[in-house]
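**Q** Each chain, letter by letter, is given below.
Number of protein chains: 2
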Amino acid sequence: MAAPEGQWVLMATGRSPTNIAVIKYWGKRDEALILPVNDSISVTLDPGHLSATTTVAVSPSFPSDRMWLNGKEISLSGGRFQSCLREIRKRACEFEDEKKGIKIKKEDWEKLHVHIASYNNFPTAAGLASSAAGFACLVFTLGKLMNVKEDYGELSSIARQGSGSACRSLYGGFVKWCMGKKDDGSDSLAVQLADETHWNDLVIIIAVVSSKQKETSSTSGMRDTVETSPLLQYRAQTVVPSRVLKMEEAIKNQDFESFAKLTCADSNQFHAVCLDTSPPIFYMNDTSHRIISLVEKWNQSEGTPQVAYTFDAGPNAVLIARNRKTAAVLLQKLLYYFPPQDKDLSR
Amino acid sequence: MAAPEGQWVLMATGRSPTNIAVIKYWGKRDEALILPVNDSISVTLDPGHLSATTTVAVSPSFPSDRMWLNGKEISLSGGRFQSCLREIRKRACEFEDEKKGIKIKKEDWEKLHVHIASYNNFPTAAGLASSAAGFACLVFTLGKLMNVKEDYGELSSIARQGSGSACRSLYGGFVKWCMGKKDDGSDSLAVQLADETHWNDLVIIIAVVSSKQKETSSTSGMRDTVETSPLLQYRAQTVVPSRVLKMEEAIKNQDFESFAKLTCADSNQFHAVCLDTSPPIFYMNDTSHRIISLVEKWNQSEGTPQVAYTFDAGPNAVLIARNRKTAAVLLQKLLYYFPPQDKDLSR
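Quick note, the sequences are listed as chains A and B, same order.
Position in the first sequence (from 1) plus 16 gives the number in our numbering.
Position in the second sequence (from 1) plus 16 gives the number in our numbering.
By construction, these hints were calculated from the structure, which means they are not laboratory data.
Bear in mind the structure is a predicted one, so any value in this text is a computation, not a measurement.
Hints are not guaranteed to be accurate.
Repeated chains share a single entry, so a pair holds when one copy, or any two copies, can fit it.
Stated by the list, open to error - Here are the computed lysine-lysine pairs in the BS3-like style, where the Cα-Cα straight-line distance is at most 30 angstroms:
no., residue 1, residue 2
1, Lys44, Lys313
2, Lys262, Lys197
3, Lys115, Lys349
4, Lys262, Lys127
Full structure from sequences and hints, please.
**A** Pasting the structure below:
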């Protein structure tokens with residue numbers, strides 16, 4: 017039965033995993049378009065674990081665009097949401113569902129309002145890339161709803177305008193965000209280096225040191241770093257380009273030793289430029305430092321890396337074990353040195 | 017009455033304060049001669065507070081060189097002690113005390129052995145520059161005993177071979193260690209920028225966060241940084257030279273705003289290159305970070321810096337207040353936010 021005129025609701029649901037950078041993105045050359053100062057490389061997590069699930073609905077009965085995050089309404093007035101909505105609407109295509117009596121012409125999408133409900137199955141804004149998963153999912157699901165035909169590369173460039181690292185969550189596996197050269201940002205997008213079946217041995221363990229929201233948001237933190245750190249441009253222009261090439265090689269060859277050394281060094285250098293910012297930004301705490309020491313000592317005693325660590329804009333450790341056996345030993349060590357009653361690990 | 021042949025003991029005592037770098041020394045270009053990768057600038061503390069007191073004695077009855085640090089005998093076999101002893105002996109001059117019947121000819125000094133007793137009135141190897149005060153005092157006191165005629169600049173170059181930053185403790189006030197250019201290190205010495213009467217308003221408060229000995233010694237830490245940090249050379253060659261010029265200006269003009277900004281930024285950049293080292297070096301802890309946040313927020317709320325902070329190779333904060341009134345407020349704040357029962361401040 018066809019829906020009464022103006023009463024229908026059309027919905028789409030999508031899920032996007034978060035991604036963890038192994039060569040870090042820190043610093044924009046264009047704030048509005050979200051264009052980075054260097055390339056970055058990430059691993060996309062299994063969507064069954066840390067991910068955002070978003071349902072978008074459209075209906076002639078909706079008087080305005082609205083959004084709920086984890087059940088709480090949030091404002092869509094920010095430039096980042098508006099950019100994503102505008103860019104997806106621009107690319108919307110005709111849609112018809114004869115059974116339901118729904119027909120939306122290309123030009124209709126501009127007038128139809130959306131309701132968006134998004135859930136993260138992990139702490140928000142605690143340095144676990146919740147905005148990456150969130151914006152990737154928003155763009156992907158809106159694209160699905162609005163019958164957008166563009167490929168993931170193009171969608172990644174739209175997601176980038178919501179949250180830079182979101183562009184890397186459009187693909188699974190290993191993903192590179194090419195900084196691009198153009199002023200309009202059209203070449204600043206994600207490419208898949210290897211899909212999720214490549215290097216299946218790796219196991220990622222996230223040690224949640226604190227699920228509190230961070231004091232310094234990534235956006236304002238990286239702006240301060242760009243403006244005040246004398247070391248950032250050297251990192252972006254001289255250190256990162258060669259690291260990106262080495263990391264691509266390491267991933268291609270499943271060379272865990274190089275992968276781990278580059279991952280740890282780049283995490284530490286990202287936190288170094290945060291410290292070189294005025295006023296300094298601290299994302300890691302004493303517990304983070306203890307986790308690093310544990311891993312470094314272990315790797316040293318084995319003669320070759322067993323585990324890589326990387327920390328985003330928060331104290332939580334992302335630990336990448338070379339295989340399942342190592343991951344099991346890592347978990348034992350974590351439980352031994354950071355017993356669950358420890359306040360630092362309580363949530 | 018003349019001493020019986022071979023029974024006399026000749027002694028000298030000296031005291032040297034520690035110094036606190038405001039433009040940091042981190043990294044050697046020559047490990048044996050202790051030649052740094054950049055100039056550094058420090059403030060010498062009042063000798064009444066953090067200082068080393070050393071008594072050196074010489075006697076024909078001493079069969080070997082020996083040394084006691086804080087009452088415990090330590091080995092003098094290290095290259096650093098040997099360099100200082102050799103360089104001072106080389107410059108020793110004839111000494112005569114007719115009353116005591118002592119006559120030491122220039123060439124006799126090579127054969128006479130010394131006993132050295134040194135005390136620090138503050139924690140050793142806790143990142144409070146104990147070795148700077150210690151070696152400055154050793155060289156100064158040995159020079160006094162052995163009637164060395166060289167000026168402080170030359171003595172500073174000898175003290176440098178004991179511990180790099182020791183060269184800066186030969187002078188009071190504001191001191192610059194010029195890295196020098198020569199391979200033999202003869203131009204790598206300290207010069208006084210302003211004496212201890214200049215800029216008398218400043219008050220230095222040291223917040224001892226931990227008096228434990230540090231895990232990573234400065235010597236091995238800076239070697240690792242030189243070998244593994246991609247950012248260090250850029251800091252040494254590009255960032256520090258311009259900071260040194262600005263810091264000299266700030267000191268000359270008693271411009272506290274510039275002084276404080278440069279001091280804090282350079283402390284943070286030193287810890288940034290430590291973090292950029294593989295494996296990373298952490299000297300500051302959560303308490304250090306809280307102290308920095310307290311100072312940064314206060315400075316921001318006042319619109320202009322009231323206090324500068326700087327951290328050496330340990331978690332202890334060196335706080336420089338612009339005047340006595342500010343220092344009093346700073347102490348109140350420290351006592352309020354870090355009450356004495358707090359375990360972090362216990363010794």
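**Q** Against the structure, test the hints numbered earlier, and report the numbers of the ones violated in rising order.
**A** Violated hints: 3, 4; rest satisfied.
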